[in-house]
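Model the full assembly from the supplied sequences, consistent with the hints where possible.
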Amino acid sequence: MDILKLLSTELASEAQTTRKFFASVPMEKADWAPHEKSMKIQALATHIAELPGWIKLALTTKELDFAIAPYEPVTVKSNDDLLALLEKSLTEANESLVNAKEEDLNERWLLRTGETIHVDVTVYEMIRIAFSQTTHHRAQLGVYFRLLNIAVPASYGPTADDHTF
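Following the UniProt record's numbering, the numbering of the sequence shown begins with 1 at its first residue and continues without gaps.
Treat the hints as calculated values from the structure; they're not laboratory data. Keep in mind that this is a model prediction, so the values were computed, not measured.
Okay, derived cross-link-like pairs now, DSSO-like style, lysine-lysine, Cα gap no bigger than 27 Å in a straight line: (1) Lys77 x Lys88; (2) Lys40 x Lys77; (3) Lys20 x Lys37; (4) Lys20 x Lys88; (5) Lys88 x Lys62; (6) Lys88 x Lys101; (7) Lys77 x Lys37; (8) Lys88 x Lys40; (9) Lys88 x Lys29; (10) Lys77 x Lys29; (11) Lys101 x Lys62; (12) Lys5 x Lys88; (13) Lys20 x Lys77.
And the structure:
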């Protein structure tokens, strides 16, 4: 079984769903959030767009230390910019998967802030976390859409607005 090929196929499938969601992000409401503790809709969408890049990060580095490289969110102006950011992340992820060897998936990878370890997993597990984070945050985006009365696209099955699979 070619795990890298399976991951690449899954990435392509998830990207199709993410593109459907990104087509509906209301950029005129970029600063809207459903609650003071929630991310603003544009920040949430750009975070989702960047998540495939974590696949490259996992395959080409040993760790990410936020104490050294603090997260700096990207700002986009339009849905086209959002899609371009996603496509850039997808290209980097796919290139990294193509260039990887299956044994690379067993290497250890850390997410930390200085001495505080947030995640200590294999590269494979970190890639799975990137997929799970995409699903998690895209579902949040679906809730935002519902609260804004925007049709929620189908993802793993139909929604009240989109009856496709």
